[in-house]
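**Q** One line per chain: the protein sequences are Y and Z, in this order. For the first sequence, the residue numbers in the working numbering are 1 to 345. For the second sequence, the residue numbers in the working numbering are 346 to 684.
Please note that the accuracy of each hint is not assured.
To be verified - Result set (SDA-like, lysine to any residue): computed pairs, CA atoms no more than 25 angstroms apart in a straight line:
1) Z:Lys548 x Y:Lys306
2) Z:Lys487 x Y:Lys157
3) Y:Lys157 x Z:Gly394
4) Y:Lys157 x Z:Lys548
5) Z:Lys487 x Y:Arg297
6) Z:Lys633 x Z:Gly645
7) Y:Lys157 x Z:Ser624
8) Z:Lys487 x Z:Ala521
9) Y:Lys306 x Z:Ser506
10) Z:Lys594 x Y:Thr336
11) Y:Lys157 x Z:Ala521
As the list claims (entries may be wrong) - Reference listing, derived: stretches of chain Z covered by chain Y, where coverage requires no fewer than 3 residues with Cβ under 8 angstroms from a Cβ of chain Y:
12) 376–386
13) 562–575
14) 619–626
Hint data in this document are derived by calculation from the structure and do not stem from the laboratory. Glycine included, each C-beta is placed from N, C-alpha and C at the ideal position.
So you can see what is in the structure, the chains are spelled out below.
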Amino acid sequence: MPEFVQIDGLKRYFDVSAPWLVRKLEGRPRQIVQAVDGVDIAIAKGETFSLVGESGCGKSTVARLVVGLYPPSAGNIVFDGHDMVAGRGRATQSALRRRLQMIFQDPFASLNPRWRVFDIIAEPIRAFGLAKDKDDLRRQVDELLRQVRLTPADGVKFPHEFSGGQRQRISIARALASQPEFLVCDEPTSALDVSVQAQILNLMMDLQRRLQLTYLFISHNLAVVYHISTRVGVMYLGRLVEQAPTETLFRRPKHPYTRMLLDTIPDLEMTGRQRTPVAGEVPSPINPPSGCTFHPRCPFANERCKAERPRSLPVEGGLVACHAIEEGRIPIEDRTYAARSALSS
Amino acid sequence: MAATNNPPLLEVRNLRVEFPTRRGTLLAVDDVSFEIAPGEVLGVVGESGAGKSLTGNAIIGLLEPPGRIAAGEVRLEGRRIDNLPYEEMRKVRGARIGAIFQDPLTSLNPLYSVGRQLVETIQTHLPLNAAAARKRALDLLKEVGIPGAEHRLDHYPHQFSGGMRQRVVIALALCAGPRLIVADEPTTALDVSIQAQIIALLKRLCREHGTAVMLVTHDMGVIAETADRVAVMYAGRVAEIGPVRDVIKNAQHPYTKGLMGSIPHLGERGGRLTQIDGSMPRLNAIPKGCAFNPRCTLRGQRCLVERPELMAAGASRAACWLHDSRGVGAPIGKETVDA
């Protein structure tokens, strides 16, 4: 039984080679970026699945593949039993498209500055023919604006009249306009200040409860991901190195890269926990390291890690792609975090 | 920790930064005062538009026109530096104050090798010949943890990754052995794992050299890890200033409390985050009285008319009438709080 959203062996390669003539004259090889290199994700209805990772790990590419902004190089995306890859571009897909929408990172770039807010939000309703007449359209847009805590009077304004947080509310209203069931959110709060981020996260959680939405949430902020998701996948150089239910991932992280990421979260509680800054940086996805791509930065890497790509294997309710975990070379330890209630006055 | 008996290294008194525009003068930094002791790390936090970066720029004399210091003074080691002529300020900046900016790509010249930029900066501020300056540049690169510093010296900025570039910028700031570093969002453009490396590096260097740091950032986590004291800015004013532990764990100003509550947190999950409704006022529409009052749930009549100055509050100082003996005045109906 496939899940609501089922992604199997998803790959996306980008050709970033120099032009053909330059390549021939200078004897340069083709250069392929393996942005997404074999990702499997299953998302159940009503849950929030988050992808985390550093810049360049391919998480945004996964988001764009899922909504169909890029065609995948290989692999399959099945949405509620319908194959999204094979049926790409067919008329039957437009009905599916309505049920899946995206929220982008930059609320300044993702709204047309020449359109009034009313038209921005009405566009999906018009495009999918969801309104009976003009009055119905107005009623729907007003309701959407109220849903995201704006007022119907805001409809006549232009995007530049709003602050960043309000603009992100408009993006959310637009995404909700086609009555979707699945929302792909690519860093929806990274461009916002923390107090505004809290407003948007609260709003997204309220909407999820009220409208039974399913989220694929992309973020580099681990604390945000911890707060909002039911399950988390950690990406590194185009591959999913670990996925697990949120509590499991944060309490008992297994993959060395996950542990490293958790170590880098600044410690607001000042428990005196020693942060171990990990040496090195993310290598180029053009020539990723052999075997396990994390091996040059991994303190537990051995010969096998350099040669053989690890498979995702089930460990304690999650999936982990690591030879050291598979062989039991590194112990799995519990982590604890101070509760906020214990420290506030 | 700040030693109170030492004279402060940097003293900012009643600083005002104004932007004259056609529609009137905007007050971006309004009567800001603080000091930094030698070797101390002062964090300055706030949301976009709070005036934190402008405060930093005013101190290093790099306010972009038409912005100007309208009142107040800045003293470095007792000497006034806010009214120095451009050329003299240029000597202070670099020699006595180092600066680190957010984007390491724009703070380096793409046309010169890293070594040449370091040597140029060193020779501008220190009486060293070319060979000695190059030696110092090499030592600096090693100190900031750039692997293979010998041959990296002749590389150009584009050949470095973001984290490595930020290390080079730090090396540049340290060239002449400054007493104070003004770091404006030094880790914002970097990935979390690199961010941790850069913070660790800054902390180590400051400890070893006894350099004071003014760390401007919007990231409370970075402040919690790095700073000794923290100043929270809101709408161009300091809302609260105090030891970092007290400000984070026992905030005295309603804005600081809300800010801390709105940060997602690893100890608990799924619940609603504390939310401060509304957003920071624009500079042309700063409310009368306390600038935070339209968003404050604890405000009273007095907050609408009288502007609070910093006053003792717990272990910190907060600009809030809640800590005054006369309090916030008569309560106000809730309906005036706009969403």
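**Q** All the hints need checking, so say for each whether the structure fits it.
**A** Hints and how they fare:
Only pairs whose Cα atoms come within 25 angstroms are accepted, and lysine 548 of chain Z paired with lysine 306 of chain Y is rejected, the gap being roughly 34 angstroms. Distance restraint check for lysine 487 of chain Z and lysine 157 of chain Y: the Cα-Cα separation of roughly 55 angstroms exceeds the 25 angstroms cut-off, and the hinted pair is therefore not satisfied. Between lysine 157 of chain Y and glycine 394 of chain Z, the direct Cα distance comes to roughly 23 angstroms. Compliance with the 25 angstroms bound is thereby established for this hinted pair. Distance check on the hinted pair: lysine 157 of chain Y and lysine 548 of chain Z sit about 47 angstroms apart at the alpha-carbon level, beyond 25 angstroms; violated.
A C-alpha spacing of about 20 angstroms is found between lysine 487 of chain Z and arginine 297 of chain Y, which places the hinted pair at or below 25 angstroms, so the restraint holds. Proposed proximity of lysine 633 of chain Z and glycine 645 of chain Z is supported: the alpha carbons are some 13 angstroms apart, at most 25 angstroms. Under the criterion of a C-alpha separation no larger than 25 angstroms, the hint pairing lysine 157 of chain Y with serine 624 of chain Z is consistent with the structure, at around 18 angstroms. Between lysine 487 of chain Z and alanine 521 of chain Z the alpha-carbon distance is near 16 angstroms, which keeps this suggested pair within the 25 angstroms criterion.
Straight-line distance between C-alpha atoms of lysine 306 of chain Y and serine 506 of chain Z comes to about 24 angstroms, which keeps the hinted pair within the 25 angstroms bound. This hinted pair checks out: lysine 594 of chain Z and threonine 336 of chain Y have alpha carbons roughly 19 angstroms apart, not beyond 25 angstroms. A threshold of 25 angstroms between alpha carbons decides the hint, and for lysine 157 of chain Y with alanine 521 of chain Z the separation of about 53 angstroms lies outside it, so the pair is violated. Interface restraint, the segment 376–386 of chain Z with chain Y: violated (0 residues with C-beta to C-beta distance below 8 angstroms; minimum three).
A stretch counts as covered by a chain when three or more of its residues have a beta carbon under 8 angstroms from one of that chain; for the segment 562–575 of chain Z and chain Y the count is 7, and the coverage holds. Beta-carbon proximity to chain Y at under 8 angstroms applies to 6 residues in the segment 619–626 of chain Z; the threshold of 3 is reached and the given coverage holds.
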